[in-house]
Structures are given as structure tokens and as C-alpha cells.
Amino acid sequence: MFVPCERGGGSASSDFKGFTLLMPAVSVGNVGQLAIDLVISTFNMTKVGYFYTDCLVPMVGNNPYATAEENSTELSINAEVYSLPSKKLVVLQIRSPFIKNKYRPFCQTLLSWVESSKCARVVLLSSSHAYQRNDEQLLGTPLRYLLTPDLEKAVGGLMQELNWKEMEKVAAYPGINDTEKVLHIPGGGITKLLFTESCSKGIQMAVLLKFCSEGDNIPDAFALVNYLNEWLQLIKCEVNTSSQWKIPSSWRLLFGSGLPPALF
Amino acid sequence: MATFFGEVVVAPSRAGVDDEEEARDETPEDREIRRELEKKREIDVLWTWKSAESAADEQLVCSKLIVAIGHNAAAFLSSFILDSVCWEVVGVVKLWNEWCRTTSTTNILLTDSFCLFYRLIADPTVLLCQCSCYVAEDQQFQWLEKVFGCMRREGLQVTILSTCPVADYKTQESTLTLPSPFLKALKTKEFKEHVCCPLLEQPNIVRDLPAA
Chain A
259 MFVPCERGGG
269 SASSDFKGFT
279 LLMPAVSVGN
289 VGQLAIDLVI
299 STFNMTKVGY
309 FYTDCLVPMV
319 GNNPYATAEE
329 NSTELSINAE
339 VYSLPSKKLV
349 VLQIRSPFIK
359 NKYRPFCQTL
369 LSWVESSKCA
379 RVVLLSSSHA
389 YQRNDEQLLG
399 TPLRYLLTPD
409 LEKAVGGLMQ
419 ELNWKEMEKV
429 AAYPGINDTE
439 KVLHIPGGGI
449 TKLLFTESCS
459 KGIQMAVLLK
469 FCSEGDNIPD
479 AFALVNYLNE
489 WLQLIKCEVN
499 TSSQWKIPSS
509 WRLLFGSGLP
519 PALF
Chain B
118 MATFFGEVVV
128 APSRAGVDDE
138 EEARDETPED
148 REIRRELEKK
158 REIDVLWTWK
168 SAESAADEQL
178 VCSKLIVAIG
188 HNAAAFLSSF
198 ILDSVCWEVV
208 GVVKLWNEWC
218 RTTSTTNILL
228 TDSFCLFYRL
238 IADPTVLLCQ
248 CSCYVAEDQQ
258 FQWLEKVFGC
268 MRREGLQVTI
278 LSTCPVADYK
288 TQESTLTLPS
298 PFLKALKTKE
308 FKEHVCCPLL
318 EQPNIVRDLP
328 AA
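Residue numbers (the numbering used here), protein chains in the order written: chain A, 259 to 522; chain B, 118 to 329.
Keep in mind the hints are simulated off the structure, nothing from the lab. It is possible that part of the hints are untrue.
To be clear about the criterion: a stretch of chain B counts as covered by chain A if any three or more of its residues have a C-beta under 8 Å from a C-beta of chain A, and this derived list gives those stretches [as the list claims (entries may be wrong)]: (1) 184-194; (2) 254-262; (3) 307-318.
Heads up, simulated DSS-like pairs for lysine-lysine below, C-alpha to C-alpha not over 25 Å straight-line [said to hold, decoys possible]: (4) 263(B) / 305(A); (5) 360(A) / 263(B); (6) 263(B) / 504(A); (7) 439(A) / 305(A).
Think of the CB as a built atom: it goes at the ideal place given N, C-alpha and C, for glycine as much as any other residue.
Next comes chain B alone, as it looks inside the complex:
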């Protein structure tokens, strides 16, 4: 397209369409590079509750899973819920992408990128996940499959906590005058309990890992 100054530039399409991709045919070298990159971007979920004797496909019985995604939600859990007396670490997700690499220690600082699973000692079927690292688009599905693949899903109730900038919220009035922060929820039709806040109105949506 021509800009105001008359120069012609390739405008990025809102539809996320990338013309270059379709023209290129993959050489064996390209394929190898892509495979190596894919391997580097693979997610590893390491559970500490799995002993050497337990079967590889042994599943964790889980009745409630609370997942906190992003720094704010993770900090919320650290400040109000987690403590070393009632909760124990049972798992960690190791991943790498251009934005972050998860730390391998369990003695984490809230400024680190990490993804840890905790279990309530009093009721081991209650799990908590603190995920402050950014899980890239191509890793979100993998995260999902690897984490939920280890859990028995009958009777499982999942609660996802996350935050979004107020500026992203679409509303008739300006977001400047909105009293913030505020809560909104999305729920599946199977969720029958009372929701503590209003439901997210159209046309607002949720993306990335919380959506996945």
C-alpha cells in the first residue's frame, strides 16, 4: 500500500496472513532447522509425586485444579493462598521460548519465570498451578495436553485465574472512566456453581493459555 508520503510498503495484515510462508518450499536443511527449533521449544512436565516405581502413564487423581496464569495471578496465589505449611510442590514445567526460560529451582522469586504445581497436604486431590512464564502460541496446546494428560479428569473442576489490561476491554463508555480493577468470568455450561462476578460480555474474548 502507498503511505501518506507516497512510498510503497507492505502492510501487515490484521488477519495475520504471511505471504512469504506460502512461496517458500522447505529444503532438507530448513526441515532440520525447524525440527531442532521444535525440539528446543518442547515442554517438559516433571512431577515429583511420580516415583521410580510408578508407571509412566499413572494419572494423578485431581478434584480441583486452580491455575494462575501471569505475574499478577501468580502473585495473588503467593500472597493469599500458598504457604509452605499447607502446600507442597509436586511438579514443574520446563520450557523455553523467545520471551522466557523457566527457572529450574523451586526456591523461586516472584520476578522469575516459572511454572510450578502445588498440592494441598490436607487434601491431595486439590492442585494449584502458578504459571508466571509466558507460554508461546505454539506451546500452549502442548502445555495443555502434557498437564491434563497426567490427570484423571472425572469430576475435575478447573478454575483459571488471569489478568488482562483494562485498555483491552471493549465497552460502550471509555475505559478511562471504568472503576478498575474489575472481575469478569467465563464458564462452561457444566459449571453449575454460583459465579462470584459478572460474565464477560461480547465482544470481549480471552486468548493464549487461559483460552487454551
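Isolated chain A, as found in the complex:
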């Protein structure tokens, strides 16, 4: 499924042994994807390949991270992989929704690729419907995390130090039986599936998610990427960390074209 770009580096560009794979879930508000856009754009990451898959709706456009005329004409498609070897980071960006009934095969192929490329761990950025929060979740931080048991051993302590909140489990049969608890991530797309599969395959995976609603999700994306940064320290945490993330040029006109003057 992974097709490396032809570059001088050859196989070196697709050697992700020990890297952290950062990827989004296509979820409510597209927050994970927006946050990934910020990471790729800020570090000017190099594209190292793409996924040739029939699981995502096809789309194509010109380089969404273009900064000048010269780099604006490289084609970009629905699932691409970028790398930043200096931070041992490899990033997958997904740009379109799943085709019906194809999200399971995608998850299986993705996790096989994670195992075969020997990534050390996976960080999944996601979101969940804010309106489905329970009373306790309405208060305090809207950010949550989840760790697979294998990663819990490695970084569980760090999460405690950062004072992060773990995603709460909810009753399987609310109102009837409150003892059986399950993980429920409404609006999270493939988040729950990827997480439970990673748990059973012994893959080190962390899920970072934010409760949000559809709308202008740019602030949510900033909140999520700053949350990620508290842990991975990709950029120096300063008073105003948000201003250090570079907004990509493709974020223009998110809500459509300009308005006709005759409207007023």
C-alpha cells in the first residue's frame, strides 16, 4: 500500500525504524487532519511517499503547503506520508473520507504497514462529538488521551506528570447496568478500531483527542497540536506556542469563495 517517492535517497527515505508515526483519524471537525497540516507545514516536511489505496475517496490538487510559485505545482493526493528524520517523525496525512465498508480493510493494512516499517510507536490525533459528553466531561479540559498497554508502560508516568486526563469509559448499557464499561468515541471515525486493534497486536499507540463540534475547527486544531507538543516537545513551549505553528496556504477560503458585492 505504501509507495515511496523516487528520490536520490532511495530506500533511505522509507526507513522508519524507531520513528514515531503521527497520523489523524478522519473525525468530527476534521481536527486531527488540521492538526497534522500544522505539523507538516511548520516543519516544512518532505513528502516521502503515498498510500495507493481503494479505501479512501479519490482527490487530487496542487501542493497544499505551497509557499511560493516554484513549489506550488506538485500534485497531492488523499493519503500521503511525510518525514522529518531529525525528530524521528513520520507523518501520514489523510485528506478524504473512507469509502463505505472500506475502513476496516484500511485499518488492517495500515497496522500491517506500521509493523513492517518497524515504527516505534503511533500517535493518533482525533476528536469526538462535544455534545455527547457526560456531566463530568463538560467541566475542565476538553482534551483526552489513551495509551495501549505497551505504551502505558513506557510513558504512563509522563502523562501523570503532565496532568493529562485519560478518556473515560462509559457504561455499556446506560441506565440499566452501570458496572460494565466500554470505550466509546462518538464521531471519532476509525479511532476506536485502530486503538483496540493496536492493543491486541501489541502496537504502542497513543490517542490524543479533543471534544469539539463542527464549525470553525481551526482553534480546535491549535489546541490539539499544542497538547501533542506538551508531550513530544516538537517546538519549544513558550507563552504563546500557537503563534509558532505555520498555517498552510491551503487553509485559505475554508468556508467558500468571496461574497458577491451585490449582496450588500
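Chain A is fixed; fit chain B onto it per the hints.
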């Protein structure tokens, strides 16, 4: 979410996320139904240049492929390029989905849904495809693999013609004042020839079969 009138509705997510899907486990009956549906949605590509003697995996040598997707592009080819003297029909794609079923005749009306391949008689390596039927999301990849699977791809140049509503075009000014119709292009870095119109600016994208 709560609407203005206070009723609670399930809002469709822009991200295309469908919660119902994840909760349902497939019964053998569901699986059977899904398999039958998948079979019905399979695409068949029938080539007339393949005789009974030719091997099943024999590939067509193709130097140029022009694909017209959608009614407007198909009509363009019919009006300005195709004629029965210079072009012959060499293939047809049969498919079904909720929006259309392709017609099985080659004597088509432009209002029909069809997907036909023509070959230039003077140079049989030049192919044209007129695809006025809607190819659904789950069929696009299949279309791609089945059509290109039959062609030798070395030195192949592909040109895709398609149309989109002006209202979908994102620009700083209003689309109302844009002189339309207008042309935009996307090209791979391997395409070295001159492009006859400006390239598609960010954040505009192309989807569906042309994108595939």
C-alpha cells in the same frame, strides 16, 4: 446537537464519519447481502479488439489516452473530435450503481449513460474514452485498475477532460463575477509539455473519477 427550536438531532459530520457502522457486527446474512451487492456493482470492461485467440492478459499498446468524464466533456468529444470515419469503437465499460446503468448499445444518444473507448484508425495507439455515466466512489478504483490493467503504460500520455460547477471554485472574489466558463489544469511532474491554461490554484481540488 440541539437545533434552534430545542429539538435534539444527530448532525451529519463533515468528516463523513458514520457511527452506526462501527457498532454493527456483520451476521452471515449481512455478509451475503454485501457480497451480492458488491458483485452487482462490479465493473466489466469489454474490449472488441481482443479476439478469441488473444491471450486474456494481452495488453493494448497505447501512446495517448484521452478520457472525457461527465456529460459536458463527452459532448465536447462528440461535437469536435469523434466521427465514424476516423474513429472506431474498441471497448465498452458496463456498470451499475444507484445513479445510473450503462447502456449496452454502441449506437448511443448523448443523453444515455455510457462509457465507450474509441481508437484512431490512422494511429491505433491513440485511444479516446467517453464516460458520461457516473462512476460511484466504490467503483472508481476498480474502473482504474480494469482499464489501465489492459494497457501497456510505457510512454503513455493521459489527458483527462472534465467539468465542475463554477460555484465549487474557491476564489477570493465572488464566483458570480468570474467570467465563465474557464479552464484550469493539473499535471504530474512527468508531463513536460506546455499546458494551455493556468494551473488549478490552492485550495481547489478535483475529486471522483478524474482524481482517481
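Checked hints:
no. : hint            : in the structure
1   : 184-194         : violated (count 0)
2   : 254-262         : holds (count 5)
3   : 307-318         : holds (count 3)
4   : 263(B) / 305(A) : violated, 29 Å
5   : 360(A) / 263(B) : holds, 19 Å
6   : 263(B) / 504(A) : violated, 42 Å
7   : 439(A) / 305(A) : violated, 41 Å
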